[in-house]
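From first to last, the protein sequence lines stand for chains A and B.
With our numbering applied, the first sequence covers 1 to 141.
With our numbering applied, the second sequence covers 142 to 282.
In case anyone wonders, no lab produced these hints; they're calculated from the structure.
There's no promise every hint is true.
Chain A residues, not near chain B, derived (Cβ > 10 Å throughout) [unchecked claim]:
# : residue
1 : Thr17
2 : Gly50
3 : Phe89
4 : Pro97
5 : Asn124
6 : Asn125
Computed footprint of chain B on chain A; a stretch qualifies when at least three of its residues, placed anywhere within it, have a C-beta under 8 Å from a C-beta of chain B [unchecked claim]:
# : region
7 : 39-47
8 : 98-112
Listing some non-contacts, in silico: residues in chain B with all C-beta distances to chain A over 10 Å [stated by the list, open to error]:
#  : residue
9  : His151
10 : Ala161
11 : Glu184
12 : Pro238
13 : Ala253
14 : Thr257
Even glycine gets a Cβ: it sits at the ideal position worked out from N, Cα and C.
Listed here are the chains, written in short residue letters.
2 protein chains.
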Amino acid sequence: MNRQLNFIGHISTPYNTLEACPNNITPEGPACKLTLKPEYRHELSGLNEGQEILILYWLQNPDEPANQPYRFPGTGDCNNSNLTRAGTFALRTPHRPNPIGAAVLPIETIIAGEITVHGLDCLNNTRLLDIKPAIFLETHR
Amino acid sequence: MNRQLNFIGHISTPYNTLEACPNNITPEGPACKLTLKPEYRHELSGLNEGQEILILYWLQNPDEPANQPYRFPGTGDCNNSNLTRAGTFALRTPHRPNPIGAAVLPIETIIAGEITVHGLDCLNNTRLLDIKPAIFLETHR
Numbered sequence: 001m002n003r004q005l006n007f008i009g010h011i012s013t014p015y016n017t018l019e020a021c022p023n024n025i026t027p028e029g030p031a032c033k034l035t036l037k038p039e040y041r042h043e044l045s046g047l048n049e050g051q052e053i054l055i056l057y058w059l060q061n062p063d064e065p066a067n068q069p070y071r072f073p074g075t076g077d078c079n080n081s082n083l084t085r086a087g088t089f090a091l092r093t094p095h096r097p098n099p100i101g102a103a104v105l106p107i108e109t110i111i112a113g114e115i116t117v118h119g120l121d122c123l124n125n126t127r128l129l130d131i132k133p134a135i136f137l138e139t140h141r
Numbered sequence: 142m143n144r145q146l147n148f149i150g151h152i153s154t155p156y157n158t159l160e161a162c163p164n165n166i167t168p169e170g171p172a173c174k175l176t177l178k179p180e181y182r183h184e185l186s187g188l189n190e191g192q193e194i195l196i197l198y199w200l201q202n203p204d205e206p207a208n209q210p211y212r213f214p215g216t217g218d219c220n221n222s223n224l225t226r227a228g229t230f231a232l233r234t235p236h237r238p239n240p241i242g243a244a245v246l247p248i249e250t251i252i253a254g255e256i257t258v259h260g261l262d263c264l265n266n267t268r269l270l271d272i273k274p275a276i277f278l279e280t281h282r
């Protein structure tokens with residue numbers, strides 16, 4: 001079975017080091033660009049400015065070595081199952097079994113395969129995995 | 142770089158064929174269980190009943206052949222860039238460059254590494270990728 005990811009583009013943010021990244025997504029934050037690869041650009045048709053989208057991205061830093069084991073946050077320990085801290089799945093930590101980041105933000109503009117949003121908290125050049133309309137939120141608002 | 146996914150568990154739903162799956166997530170729908178692998182169960186600590194979570198899952202059917210190309214929805218065509226329909230990223234179609242499904246639902250119960258939610262629309266035994274607190278929604282409500 002194919003579990004391989006296909007990056008559809010990249011995200012430009014003002015943050016070039018992990019230390020510079022804010023801890024949270026803030027819709028009032030600086031402009032960030034989602035740039036799609038040419039072969040995926042026409043797949044943005046139907047999205048509109050002002051519409052909320054779910055953005056999924058791959059949090060692993062391209063400079064990290066391949067195949068490094070998943071480490072439980074705050075411990076550096078790969079096999080410690082006796083912790084009292086909050087678990088990974090109760091946190092937004094990037095140290096996850098699958099380092100997928102998620103944000104829901106409104107589209108400011110869509111121009112030539114580039115979407116502008118505001119306030120993402122990830123590194124510049126983070127790889128983009130998916131964009132979906134955030135309609136799944138409407139059902140229980 | 143490691144782009145390999147690690148399935149953290151599976152989702153049990155009442156739907157054993159794609160035809161049986163509903164088209165949308167409905168919080169009033171039937172109970173569905175998220176069962177974590179034993180090594181990830183303690184990572185649920187800190188999540189609470191009633192809390193909304195973002196659930197990410199891998200939409201590719203285990204019976205599909207590996208490495209099949211991405212097909213644009215509704216066309217079966219892998220290279221058609223001249224379509225007038227809504228694009229993939231404006232849809233929740235499972236036919237995506239990365240077949241990752243997403244749902245935001247409240248936790249009904251957490252018991253022994255199993256979370257119960259209601260109304261997922263995916264196949265029984267869908268593989269689970271991640272669970273996150275849905276705090277990213279709070280910023281712009």
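Hint-by-hint comparison with the structure:
1. Taking the minimum C-beta to C-beta distance to chain B, about 18 Å, the non-interface status of Thr17 of chain A holds against the 10 Å cut.
2. Every beta carbon of chain B lies more than 10 Å from that of Gly50 of chain A, the smallest distance being close to 12 Å; the non-interface claim holds.
3. Not every C-beta of chain B lies more than 10 Å from that of Phe89 of chain A, the closest at about 4 Å, which undercuts listing it as non-interface.
4. The beta carbon of Pro97 of chain A sits about 4 Å from the closest Cβ of chain B, which is not more than 10 Å, so the claim that it is off the interface is violated.
5. The claim that Asn124 of chain A lies off the interface holds: its Cβ sits roughly 16 Å from the closest Cβ of chain B, which is beyond the 10 Å cut-off.
6. Every C-beta of chain B lies more than 10 Å from that of Asn125 of chain A, the closest at about 13 Å, which supports listing it as non-interface.
7. Here the region 39-47 of chain A counts 8 residues with a CB under 8 Å from a CB of chain B, which clears the bar of 3, and the coverage holds.
8. Check on the region 98-112 of chain A: 7 of its residues sit with their Cβ under 8 Å from a Cβ of chain B, so the three-residue criterion for coverage holds.
9. Every Cβ of chain A is farther than 10 Å from the Cβ of His151 of chain B; the closest lies at roughly 14 Å, confirming the non-interface assignment.
10. The non-interface label for Ala161 of chain B is consistent with chain A: the shortest C-beta to C-beta separation is roughly 20 Å, beyond 10 Å.
11. Distance to chain A contradicts Glu184 of chain B as a non-interface residue, since its nearest Cβ pair spans about 4 Å, not more than 10 Å.
12. Against chain A, the non-interface label of Pro238 of chain B is violated: not every CB pair exceeds 10 Å, the least being about 4 Å.
13. The beta carbon of Ala253 of chain B sits about 14 Å from the closest Cβ of chain A, which is more than 10 Å, so the claim that it is off the interface holds.
14. Listed as a non-interface residue, Thr257 of chain B keeps its Cβ farther than 10 Å from every Cβ of chain A; the least gap is roughly 15 Å.
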